[in-house]
Amino acid sequence: MPGRRSLAALRGQGPVETGGSRLRLAEQPLGFWLAAVWLAALTFFVLLAPVLGFVADPEAYSRNVLQGVGWSHWFGTDELGRDMFARVVWGGRLSLMIAAISVAVGILIGGLMGLLAGFFGGWVDTLLSAVINILLSLPALILALFIVTVLEQNTRNVTIAVTILAARAVARIVRAQTLRFRQREFVTAARCMGARTSRLIFREVLPNLLPIIVAFTFLGLGLVIVGEGGLSFIGKSVPAPAITWGGILAVAKGKLSAAPHLTIYPAIVMFCTLMAVNYIGDTLMRRFDVRQSLI
Amino acid sequence: MTFLRRLASRLVQTAAVVLVVTFVTYWMLSLLPSDPCFLSVGTGATEELLAECRERLELDRGLFAQYGAWLGNMVTGDLGESYRNGIQVTESLADKLPVTAWLILYTTVLSVIVSIPLGMLSAVRRDSWVDRLITGGAFSLLALPSFVLGVVLALVFAAKLGWFDLGGYVGPTEGLLAHWKSLVLPVVTLTAGIMPFFLRLLRSDVITTLQEDYVEAARAKGLPRRWILLRHVLRPSSFTVVTVAGLNAAQLVNGALVVEIIYDLDGMGTYLISAVFNQDFLVVQTLVALIAAGFVAINMLVDAMYPLLDPRVRVRNQ
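These protein sequence lines are chains X and P, in that order.
For the first sequence, the tail end lands on 294 under numbering that gives the first Met the number 0, and the numbers increase by one without skipping.
For the second sequence, the tail end lands on 317 under numbering that gives the first Met the number 0, and the numbers increase by one without skipping.
One chain only, chain X, in its complex shape (with noise of 0.2 Å):
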């Protein structure tokens, strides 16, 4: 009950509400500090797989064949004798590029979008959020596949298409917020001070912003991993050699019955990644009080 506290710190009974936006870490639960665990590994992991010695080549054939898991092979081989591990960790790392690039881009451009678009209102408003509902007018597959029909189908494009993906749902969360906000008192007062347009924007309602953006970066990762994952699954992500997540299970589709471990352990980890991501972005999320129906 955030109303009744807040007043009763107004009597100075209680501590001043600080409006929730603040994160302490040594209440998370559990759940929080495994997601955060499982995203450094595999952080670790991916971003040292070249120099790791023995995850380093994801492309070393082997005599041994479709093996199980083991030792020396952490996920069993495929049936060229390729490390699974090996795989997975340089899918992860190709997967998690573009995630991460098309998550910071599509915060910008979508942030800025929907900054603008709430703060001005009028004309602005309407021609950005015109723009906002046409890229929301088709399902995210839909969109990204047709996104990387037009243009060639290379890393770069898939990249353009899932930020695509990412820009359109931030822009809808910030226009929401930014309307919140900039109604407030102390946008009023700052602008009866004179600050200036720019100083609103930027100063007064983007840093009320930011707890929420951080939220979505989360969100958003799981919501361009399963949106690339999808695109690499029908064909059309990144070509082959490339390997990203959605790819590995692509071609392992074919040999389910056969070799199942191909599919299984790419199946977990991807699993736990979006666990984590979703699970830290929920909680965020949550933390900050925006509605829950957003992701």
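No lab work stands behind these hints, which were simulated from the structure alone.
Mixed in with the good hints, there may be bad ones.
Covered stretches of chain X (chain P as the covering partner; in silico rule of three or more C-beta atoms under 8 Å from a C-beta of chain P) [as the list claims (entries may be wrong)]:
| no. | stretch |
| --- | --- |
| 1 | 118-127 |
| 2 | 132-139 |
| 3 | 144-157 |
| 4 | 184-192 |
Idealized CB from N, CA, C, for every residue including glycine.
For this one, chain X is given, so just place chain P on it according to the hints.
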């Protein structure tokens, strides 16, 4: 009156969005270095045949004229024909649309059936272990994209246990049981993807409703618990269910794309993907336009119908 005006303004907006989307997609596809006449005439193409084909398809006209002609045809129900094999799009759709439509229908129904009792239970027993189990389970499902879950289900229930075969779609006229059996795994896969949204929304909705005074009053009157939950709590939440069901039904085309590939179903998804790979861009254009129109129209309808369904919103708006 306000409702009609609202509806009219939404209708205009929707039409505008559909127009722009179809035009932009048309324009972008027309930029591709692909000559539909090469596809149409095939390997034995001579200059003459190509010229004749270009004449027939009116490719030498400007972009706007071409788009206008295409739009005119679309509106009058002529969806054109594939450059690749000359089959009418309407004819292909007649085969493929039902597959996807059944998928979406069953998925929506199953999601509602599963999420209502679970959502109610977890709201009533808020913060208990049952609630944690249900919300936690639903949350994990969100981390399973359809191409992961679909493949794993196919592995376990088709390849290993042999309960289902991945033999493709069976129409309802060829035996209802076989029809259902052919769609069980795809529907479960899709349901896992959207049910969590239903459940979450329903849970928070019911939690709010449970704190209403009229629920308290009903309880004070000594009405049976089951009756209160059904008539006083679930009823107002049913609007939420209708809304998310509507919005998600459109979103399901997304999942259908992946699920149809995994389970070898010959629906809209596989149709669109094969058209993309065959560079059959007229079919791509038509399908994308249809999907966009359907998607936007459903969103608009749900949004506009909301006050009509829920008298409380209507009162608040006046």
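Each hint tested on the structure:
Coverage of a stretch by a chain is defined here by at least three residues with a beta carbon nearer than 8 Å to that chain's beta carbons; for the stretch 118-127 of chain X and chain P the count is 0, and the condition is violated. Counting residues of the stretch 132-139 of chain X whose CB lies closer than 8 Å to any CB of chain P gives 6, which reaches the minimum of 3, so the coverage claim holds. Residue count for the stretch 144-157 of chain X with a Cβ under 8 Å from a Cβ of chain P: 4. That meets the three needed, and the coverage hint holds. Beta-carbon proximity to chain P at under 8 Å applies to 0 residues in the stretch 184-192 of chain X; the threshold of 3 is not reached and the given coverage is violated.
The earlier numbered hints that this structure contradicts are 1 and 4.
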